[in-house]
Structure formats: structure tokens, C-alpha cells
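A.B. asks: First to last, the protein sequences are chains A and B.
Sequential numbering of the first sequence, starting at 1, is according to the numbering used here.
Sequential numbering of the second sequence, starting at 1, is according to the numbering used here.
These aren't lab readings, by the way, just hints derived from the structure by calculation.
Ideal placement from N, C-alpha and C gives every residue a C-beta, glycine not left out.
Careful: at least some of the hints might be erroneous.
Restraint-style ranges between C-beta atoms, simulated for each label pair [stated by the list, open to error]:
1) Lys57(A) <-> Ala2(B): 38 to 46 Å
2) Pro27(A) <-> Val52(B): 14 to 22 Å
3) Ala22(B) <-> Lys57(A): 34 to 42 Å
4) Val83(B) <-> Gly16(A): 41 to 49 Å
5) Pro82(B) <-> Glu34(A): 25 to 33 Å
6) Gly24(B) <-> Thr65(A): 41 to 49 Å
7) Gly16(A) <-> Asp34(B): 25 to 33 Å
8) Val19(B) <-> Gly16(A): 45 to 53 Å
9) Val19(B) <-> Glu59(A): 34 to 42 Å
10) Gly24(B) <-> Glu25(A): 34 to 42 Å
11) Glu51(B) <-> Leu14(A): 33 to 41 Å
12) His54(A) <-> Leu27(B): 22 to 30 Å
Rough simulated footprint, nothing fancy, chain A against chain B, three-plus residues with beta-carbon under 8 Å [what the hints assert, rightly or not]:
13) 8-16
14) 20-27
15) 40-53
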Amino acid sequence: MDATITPETREPRLVGIIVNNRPVEVPHKTTGAEIKARAGVPADFELYRVEGDHERKIEDGQELTVHPNERFIASPVLQPS
Amino acid sequence: MAGVADLRATFPDATVTVVEQADGRLLATLGDVDLGAGWTIARSDLSVFLEVTYPTTPPYPFYAAADLQRADGQPVAGLTSPVSIDGTPRAQLSLRHDHVPGEGLGARFAAVIRWLRTRP
């Protein structure tokens, strides 16, 4: 049987990023939900991409292309108590 | 402490100070935080006591400058001022979420800052 590797069957390229100061490997093209899952943070945490001295929220379903050593912060939504 | 290192790594351009208390707790302070619009002050230090049982005991509550209040005078749930921390008046930010693995101290401070910057 011819096991042909096609672009559709090739394993995605993994990129090392930083989530909450911990190294995580994710596919080069990924989603907010996948980043959180691979980082081991709860799904209900909010994810932010660090861009200089600003942060941009990344939604769970949002597709993004990540680059090596990009930094992300995942944190809970805090409630007054 | 790993939490303080995480805080410094999350805010590499900010001043982070840590003062050990007599009871073993650590008072971690992130200096000169931009609070965003709508407050009577633009910037404040942000502090929290780390219990000896941290991270099992989550960082809570946080403290800011005593004169922190909304510019429109409206009360803010979770904000109490003034409270006294070792004789120094501070505003208390009672914002809670259980600590979970994968969340460092830096991410918690980031969540508090985000809460301050997104008040209506």
C-alpha cells in the first residue's frame, strides 16, 4: 500500500511558545483553545498574547499563527468577593 | 520563591519588591501599575501577601493606593478603602479565584490589572 505523505497528512510543525512563563509546544497554526489545552491551563481561563507592553485577547476559536518564543498569559476571570 | 520569579518574568520592565513579614508571609509589590481610565489616580503600586502555604492558598486580597476610587464616585464591588496594612492606609481589592496549576503569580497580577482596566 502506498503510504503517501500529503500536505493534509503531514504532522503540523510545532513551535515553542511561552505560556505563563512556561515553555509549550503548539502547532505553527493553532487556536486559543489549543494553546490553553497544551499549556495545561483550565479552559475557562482567558488567553492573552503579549505584544510589547500590551496584551491582546485570543478567543478560544480564534485561529492564529504563532512564532518561536512568543509570550502568552492565561489567567482566570476574577470576581469580587 | 517561584511565585516571585514568575511575577518578575511576567513584568520584566517593572519594579517588583518583596518584603518578608515576621510571620513568614511575603508582601510582593508590583510598582507603578497603569490602572487604565476612569479612576481618580492613573497609577498605583499593587501588592499582595503570599502566605507560607502559597500556592495552595491563592493570592488574595490585593492592595492598591488608598485613594483609589472611580472618577464618577460610583462604588465598585470588591473595592474597599481604606484598610490598614501595618498602619499604612491602602485600598483593598477583594477579587477571588481559586489557584489552579498552570497559573503563576504573574498571571494573577495580570488578571487583577485587567480587572482594574476594564471597570465600566
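A.B. asks: Each of the hints needs a verdict: does it hold here or not?
C.D. replies: Status of the hints after comparison with the structure:
1. Lys57(A) <-> Ala2(B): 38 to 46 Å: Check failed, 26 Å falls outside 38 to 46 Å.
2. Pro27(A) <-> Val52(B): 14 to 22 Å: Because 41 Å falls outside the window, the suggested range is violated.
3. Ala22(B) <-> Lys57(A): 34 to 42 Å: holds, 41 Å
4. Val83(B) <-> Gly16(A): 41 to 49 Å: holds, 43 Å
5. Pro82(B) <-> Glu34(A): 25 to 33 Å: violated, 45 Å
6. Gly24(B) <-> Thr65(A): 41 to 49 Å: Given range 41 to 49 Å: holds, Cβ gap about 46 Å.
7. Gly16(A) <-> Asp34(B): 25 to 33 Å: Hint holds: Cβ distance 30 Å, inside 25 to 33 Å.
8. Val19(B) <-> Gly16(A): 45 to 53 Å: This hint is violated: roughly 35 Å between Cβ atoms.
9. Val19(B) <-> Glu59(A): 34 to 42 Å: The hinted range 34 to 42 Å holds for Val19(B) and Glu59(A), with Cβ atoms some 39 Å apart.
10. Gly24(B) <-> Glu25(A): 34 to 42 Å: holds, 38 Å
11. Glu51(B) <-> Leu14(A): 33 to 41 Å: Once the Cβ atoms are compared, 38 Å apart, the range 33 to 41 Å for Leu14(A) and Glu51(B) holds.
12. His54(A) <-> Leu27(B): 22 to 30 Å: For Leu27(B) against His54(A), whose Cβ atoms are near 28 Å apart, the range 22 to 30 Å holds.
13. 8-16: holds (count 3)
14. 20-27: Since 0 is below three, the answer is violated.
15. 40-53: violated (count 0)
Of the hints listed earlier, those the structure fails to meet are numbers 1, 2, 5, 8, 14 and 15, in rising order.
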